[in-house]
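**Student:** The residues making up each chain are set out below.
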Amino acid sequence: MEQSFIGLMTDFGEDDFFVASLRGVIANINPSAHIVDITHRVSPFDIAAASFILRSCYKYFPAGTIFLIIVDPTVGSSRRILLAETKRYFFIAPDNGVLSLVLEEENRIRLRELKNKKYFLPELSRTFEGRDKMAPVAAWLSKGVSSNEFGPLTSEYKRFHVQRPELEEGEIVGRVLYADRFGNLITNIPESMLKLLQNETGLESFVLNVGGKEIFAFGECYSGVERGMLLFLVGSLGLIEIAARESSASRKLKVLSGDEVRIVAVERPGTSESKQKRQKRFSRKKIRFYVFI
Amino acid sequence: MEQSFIGLMTDFGEDDFFVASLRGVIANINPSAHIVDITHRVSPFDIAAASFILRSCYKYFPAGTIFLIIVDPTVGSSRRILLAETKRYFFIAPDNGVLSLVLEEENRIRLRELKNKKYFLPELSRTFEGRDKMAPVAAWLSKGVSSNEFGPLTSEYKRFHVQRPELEEGEIVGRVLYADRFGNLITNIPESMLKLLQNETGLESFVLNVGGKEIFAFGECYSGVERGMLLFLVGSLGLIEIAARESSASRKLKVLSGDEVRIVAVERPGTSESKQKRQKRFSRKKIRFYVFI
Amino acid sequence: MEQSFIGLMTDFGEDDFFVASLRGVIANINPSAHIVDITHRVSPFDIAAASFILRSCYKYFPAGTIFLIIVDPTVGSSRRILLAETKRYFFIAPDNGVLSLVLEEENRIRLRELKNKKYFLPELSRTFEGRDKMAPVAAWLSKGVSSNEFGPLTSEYKRFHVQRPELEEGEIVGRVLYADRFGNLITNIPESMLKLLQNETGLESFVLNVGGKEIFAFGECYSGVERGMLLFLVGSLGLIEIAARESSASRKLKVLSGDEVRIVAVERPGTSESKQKRQKRFSRKKIRFYVFI
Numbered sequence: 047m048e049q050s051f052i053g054l055m056t057d058f059g060e061d062d063f064f065v066a067s068l069r070g071v072i073a074n075i076n077p078s079a080h081i082v083d084i085t086h087r088v089s090p091f092d093i094a095a096a097s098f099i100l101r102s103c104y105k106y107f108p109a110g111t112i113f114l115i116i117v118d119p120t121v122g123s124s125r126r127i128l129l130a131e132t133k134r135y136f137f138i139a140p141d142n143g144v145l146s147l148v149l150e151e152e153n154r155i156r157l158r159e160l161k162n163k164k165y166f167l168p169e170l171s172r173t174f175e176g177r178d179k180m181a182p183v184a185a186w187l188s189k190g191v192s193s194n195e196f197g198p199l200t201s202e203y204k205r206f207h208v209q210r211p212e213l214e215e216g217e218i219v220g221r222v223l224y225a226d227r228f229g230n231l232i233t234n235i236p237e238s239m240l241k242l243l244q245n246e247t248g249l250e251s252f253v254l255n256v257g258g259k260e261i262f263a264f265g266e267c268y269s270g271v272e273r274g275m276l277l278f279l280v281g282s283l284g285l286i287e288i289a290a291r292e293s294s295a296s297r298k299l300k301v302l303s304g305d306e307v308r309i310v311a312v313e314r315p316g317t318s319e320s321k322q323k324r325q326k327r328f329s330r331k332k333i334r335f336y337v338f339i
Numbered sequence: 047m048e049q050s051f052i053g054l055m056t057d058f059g060e061d062d063f064f065v066a067s068l069r070g071v072i073a074n075i076n077p078s079a080h081i082v083d084i085t086h087r088v089s090p091f092d093i094a095a096a097s098f099i100l101r102s103c104y105k106y107f108p109a110g111t112i113f114l115i116i117v118d119p120t121v122g123s124s125r126r127i128l129l130a131e132t133k134r135y136f137f138i139a140p141d142n143g144v145l146s147l148v149l150e151e152e153n154r155i156r157l158r159e160l161k162n163k164k165y166f167l168p169e170l171s172r173t174f175e176g177r178d179k180m181a182p183v184a185a186w187l188s189k190g191v192s193s194n195e196f197g198p199l200t201s202e203y204k205r206f207h208v209q210r211p212e213l214e215e216g217e218i219v220g221r222v223l224y225a226d227r228f229g230n231l232i233t234n235i236p237e238s239m240l241k242l243l244q245n246e247t248g249l250e251s252f253v254l255n256v257g258g259k260e261i262f263a264f265g266e267c268y269s270g271v272e273r274g275m276l277l278f279l280v281g282s283l284g285l286i287e288i289a290a291r292e293s294s295a296s297r298k299l300k301v302l303s304g305d306e307v308r309i310v311a312v313e314r315p316g317t318s319e320s321k322q323k324r325q326k327r328f329s330r331k332k333i334r335f336y337v338f339i
Numbered sequence: 047m048e049q050s051f052i053g054l055m056t057d058f059g060e061d062d063f064f065v066a067s068l069r070g071v072i073a074n075i076n077p078s079a080h081i082v083d084i085t086h087r088v089s090p091f092d093i094a095a096a097s098f099i100l101r102s103c104y105k106y107f108p109a110g111t112i113f114l115i116i117v118d119p120t121v122g123s124s125r126r127i128l129l130a131e132t133k134r135y136f137f138i139a140p141d142n143g144v145l146s147l148v149l150e151e152e153n154r155i156r157l158r159e160l161k162n163k164k165y166f167l168p169e170l171s172r173t174f175e176g177r178d179k180m181a182p183v184a185a186w187l188s189k190g191v192s193s194n195e196f197g198p199l200t201s202e203y204k205r206f207h208v209q210r211p212e213l214e215e216g217e218i219v220g221r222v223l224y225a226d227r228f229g230n231l232i233t234n235i236p237e238s239m240l241k242l243l244q245n246e247t248g249l250e251s252f253v254l255n256v257g258g259k260e261i262f263a264f265g266e267c268y269s270g271v272e273r274g275m276l277l278f279l280v281g282s283l284g285l286i287e288i289a290a291r292e293s294s295a296s297r298k299l300k301v302l303s304g305d306e307v308r309i310v311a312v313e314r315p316g317t318s319e320s321k322q323k324r325q326k327r328f329s330r331k332k333i334r335f336y337v338f339i
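Residue numbers (this note's numbering), protein chains in the order written: chain A, 47 to 339; chain B, 47 to 339; chain C, 47 to 339.
Chain A with its partners taken away, still in its complex shape (with noise of 0.2 Å):
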């Protein structure tokens, strides 16, 4: 497994010293890595949304890959620093919860603590710990260094809840997850589930409540429809969205992430829920659907 590409994300923003030091802290060491940038623009502090993204992307990268990920509220205290290591992919963090969505879709990971000060920067500081501890281990890593070498194997780590979509009684019952830079509002409803829901009830269409606006617009991509007019779609993570085309859904419907979406099926695309509901005869026992967002 080759491990030139290393891939950075943080919330330091563009406008610092910060991300410079880490790229000069990992030239210096392997002049031969690839910096390969996700995203430097998460919230400060925002580990879902960190977590979000970094599962959104990184099967695309190679093989071998190194994941940087520095976003450290706790950055100095206490908290460890890990290194995962899955069939493809080193996953370098803070034990803070930031790679709960990418564990969970992986198994046979490999833990372990960065404790081995030899691959250290010689100066610490307890601010940036990032430039100082972790860009210098994937640099090394990433030069070819074994994993063992960096510190001993631990097994757990902290996660945080990841909520889960359910159907029931003729109803899917998601969030959203994510708002993303054009205003769509991803949520974590699987398109599979659409598919159960129409097996459950019988019927082919679909209402999405959100924010107390009911969507009709079931599209296959954002120009569907009219300019500014709202619709749900299948995303290109399969996960249902909703979107308004070339105009953000999360301003027009003031939705933000976490916020509760429902999906119920209808006789006829463009009819109303509360119409149908009367006519409802759905199961009323509880489907519980796992699906790692």
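These aren't lab readings, by the way, just hints derived from the structure by calculation. On a predicted model such as this, the values are computed, not experimentally measured, just so you know. One should not assume that every hint holds.
The list treats identical chains as interchangeable, and a pair is accepted whether it falls inside one copy or across any two copies.
DSS-like cross-link-like pairs, simulated, lysine-lysine; straight-line CA separation at most 30 Å [said to hold, decoys possible]:
id : residue 1 : residue 2
1  : K241      : K164
2  : K241      : K163
3  : K241      : K105
Here the structure of chain A is known, so what remains is to put chains B and C in place on it, guided by the hints.
**Tutor:** Below, chains B and C without anything else, positioned relative to chain A:
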């Protein structure tokens, strides 16, 4: 023609997982490709601005550079994806007009429609064809796959109407094309047109009218006037620019892309157009001056 | 000394075609150059901030790195362009003070004025000398052209006055140098000065005064206090920083670069300066403490 540089421009911003996904896909197919970011901060869906940015920098890149332009409001619709090949460069972009300004500057363009699924990702989404189709094709192309492979030749492509400045009755009438990060207003008026105006009128000096204001200072560089003062000058693209020293002309003038700009020749620097107008003895014939912005 | 890394810092932002033009010019001259972005988000024309950012990260880069610093409000005027060569690095920048902080940290500097048109682009604009002169020179230098080639030696360069903290009557008086993306306020007071203050006063604890407020919490890391609380600590540059846990000290305190910061020694942590002041028995001699920020 070596083909290892991939110039990447999108309107994805840098907050999300979109650009990272593109970088991952390319690195996975061709680890030796050099990805060079042009910008990812085109205003969402602003095809005209994207076209202008590309036109303003592409000629500085090495021969063989593959430009991957993903500003794509109608992603997933029936709009085609194009591969344009010129003498020195390749351009991959949706067929939505974003290549208008570049292709007007080039002759001998070979156009293809990207169709060969062999070079797409195995799983295709409807909302992220940049990741699933365009990035992989760029990567394979950079690896040396012949452009014939990607799809059939085509001759038509969407282009938008290019506004050209006019020289008419001793007056240049043009438009603001672009406001840059500093608030400088770049017009579609080339330096050469000022010389035509001088020849026609026999007058040496100029006054520029924009947003209901007259600007008298015609400088050689931004610092040619007092701090905050408005001036106009020949910018780095050879086009007339309106600027305010260490300040924003766009904000001062409340002028945006598309707004009209007029330049008249006057006898002495600093004199007003209105005084001069009465003395005009200009021919009435209308000269159309074709410049690609 | 290998010379293939080019560290790029500008105030161009990332929205326009400016940075892309630089990257293209460099890639065209030396396709093997490794361009490493420092930042392009320096506030327009903010020479002091640019100088501070550069000073805060340059030492982490590999020997031979060429730093190309384009923050250039007087571009196109008669201001010179400099090439500074130190034991480990090269710096190319306009002669406007932007190298002040770096060059104060270095000895044995060889300075040249960039003059040799052979290494400029054939067509020169007056408003984008970064693209037309500085980037090509960086690229040729990275390709191995000797620095003698680019222009004659010079000894003078513009530098700005560097504010130094003072230790006086049991009190450190310093300044805020920089507010980072998190709102942390980085001062010009080095850790070592706290020790001097302890020695002089025999007192162990400190209180920091800034913006009319007293801060009592002196921590080891940002998470050493409750969320939102103000503290001060030794930051990653070895300088005293004022922070608010997972919040912005800059916003909370309404304090900016240049504002005064005072630190006094007190008997017990958490006691106020005013109570202590009366008991002061400090020597009246004024100690000047020279630190390059």
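**Student:** Look at each hint and say if it fits the structure.
**Tutor:** The hints, checked one at a time:
1. K241 / K164: For K241 and K164, the Cα distance is within 30 Å only across copies (29 Å; inside one copy 54 Å).
2. K241 / K163: between (52 Å within a copy, 27 Å between copies)
3. K241 / K105: This pair counts as within: shortest intra-copy Cα distance 25 Å, inter-copy 50 Å.
Checked against the numbered hints above, the structure breaks none of them.
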